[in-house]
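There are 2 protein chains.
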Amino acid sequence: MQDQGTGKNSVGDNSLKRETIQRVISAFIVVPFVVFCFVSYPSLVGLVATIVLISSGEFFFTTLKKHDPWLSIIYTALVTTYPVLYGAAFPNNPMELLAVVFIVGSVFALSRVKNREIITEVYFAYSVALLYISFLLSFFIPLYAKYGAAMSLLTLTLSWSYDSFAYAFGMTMGKHKFGSYYSPNKSWEGFYGGIFGTFVYILIYQFVTNTVLKSNIHMNPLLALALAVITGVFDTFGDIFESSIKRHYGVKHMGNLMPGHGGMLDRIDGLLFITPVIYIVLNLFY
Amino acid sequence: MQDQGTGKNSVGDNSLKRETIQRVISAFIVVPFVVFCFVSYPSLVGLVATIVLISSGEFFFTTLKKHDPWLSIIYTALVTTYPVLYGAAFPNNPMELLAVVFIVGSVFALSRVKNREIITEVYFAYSVALLYISFLLSFFIPLYAKYGAAMSLLTLTLSWSYDSFAYAFGMTMGKHKFGSYYSPNKSWEGFYGGIFGTFVYILIYQFVTNTVLKSNIHMNPLLALALAVITGVFDTFGDIFESSIKRHYGVKHMGNLMPGHGGMLDRIDGLLFITPVIYIVLNLFY
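So the sequence lines, in the order shown, correspond to chains A and B. Take the first sequence: its letters are residues 1 to 286, numbered as in my numbering. Take the second sequence: its letters are residues 1 to 286, numbered as in my numbering.
Please note: incorrect hints may appear among the correct ones.
It does not matter which identical chain is used: a pair holds within one copy or between any two.
Calculated cross-link-like contacts (lysine to any residue; reagent style SDA-like; alpha-carbon spacing at most 25 Å) [what the hints assert, rightly or not]:
1. Lys17 with Lys146
2. Lys65 with Ala168
3. Lys66 with Asn115
4. Lys175 with Ser111
5. Lys114 with Ile21
6. Lys65 with Tyr182
Hints were generated in silico from the structure; no laboratory data involved.
Only chain A is shown next, with the shape it has when bound in the complex (with noise of 0.2 Å):
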């Protein structure tokens, strides 16, 4: 989630004006390709693993940054191996898959850092891109294999409706800001504005994909409402929780990618919290 500014911020105004055009361009070239890759379960399967090398590999060049290069190469490359072998493998082993990749990485960390003062550190950015990035959004294989591709695309799309309604409603209305810490700019018009804009695109997302696509969507009201609270409350969260990580690192994104958009890990930051979480509410409730 994008901060929200009050507004008031005139310095900087034109910078903000180019950042939004630059989102918007870049937003037009990434979107179609990854909604393509909704198609089917192996594009889906290699979309995830695409996301969680490039964001892992941010995530490892910043936090690692004063380590050996080939320690962030291969953590990126043992992260990514989670969702490859989970989504086109072992469907019915992720457990058993998180701990080999676990285990693997640990003893690569002993065979590779001979320094007990930065050792922890190590272990630390290995196990929170393992649970944090990897797994978390591999709950996109089982989501994509059990709802589809309309529910798993509209997971996605709550994100980046979220996003926008949030920022819209923010940039335009937001006074009473509820301010992290670690990430000030939040207002609660932002945030409630998000909310209700998300519900309104679930109505509206299920009406357009039974209809034209013939998807067979059917929310009652209130599951949709509930998801797009739980959809306001964990990309805030996400996004607090990615925040804490950069400044504590001092970087302002994780890396570069999209232009305006800042890093791969900056874009999902909230989806990541978010899927799991649906993941468990559509169980439940639907």
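Since the structure of chain A is already known, use the hints to place chain B on it.
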């Protein structure tokens, strides 16, 4: 795994002897209790949860010593939630549980820690404890459910057997050290002796439980040898992994629960890496 001395160490010989006596006595108190817990599935789940509680408590109070003690207390409770809910209520939903416990713990850190210098240290401790202690030890739950009491008790005692044989061989014959940077006192004699002793132990265990306790374990000798080698390799790595964390924090033991044995985590460090690997190998070859 205990360090295997070279036997040439005359200073501290008395304290070594005293430690050995303490080890034996406290083992005679704890071992029957632990073995008794393998009598039923609920008591096994309770045992796993208790061990996770104690060892993650030691871990958090060591790694987060300079922080608010409530952080350690809540984190110990959260991490223990995983085996309890997994074993008692959701045997088919370990992934969902792990995701929820991770997200709840991350959000809790954000609400509790207002310092960008230390926040990643807190995530580190939480993610590692969750993966290393809680997640890996909880493989005893599916191991018990799928292969029964005798096989899961074998897994536990494999670690004990290897530790004892490696210690005995290392103390008496250990000449060639393969010293890791983090755990320098290991010898090749201890390693091979531990594997050999464990192989013999598996054959005896199988014979005794099949005839006396009417269990039904039928491993061919090749699988028994494979399990002994796996035990030796992963017990060693698990021990070095835990040592590297201890040495980073400058402590000799994580806790002081059992006189002569160090803390709980010092006791189970090898077991944590062994259990999931044995579960996977049994799934593949048994």
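Do the hints match the structure? See the list:
Neither within a single protomer nor between protomers do Lys17 and Lys146 lie at most 25 Å apart by alpha-carbon distance, with minima of 41 Å and 60 Å respectively. Proximity of Lys65 and Ala168 under a CA criterion of 25 Å is satisfied in neither setting, with 35 Å inside one chain copy and 43 Å between copies. For a Cα distance limit of 25 Å, the shortest separation of Lys66 from Asn115 qualifies both inside one copy, at 13 Å, and across copies, at 22 Å. Taking CA atoms no more than 25 Å apart as the test, Lys175 paired with Ser111 passes between copies only; the shortest distance there is 23 Å, against 53 Å inside one copy.
For the identical chains of this complex, Lys114 and Ile21 are neighbours neither inside a copy (47 Å) nor across copies (34 Å), given an alpha-carbon limit of 25 Å. Both within a single protomer and between protomers do Lys65 and Tyr182 lie at most 25 Å apart by alpha-carbon distance, with minima of 21 Å and 23 Å respectively.
In summary, the structure is inconsistent with hints 1, 2 and 5 from the numbered list given earlier, while agreeing with the others.
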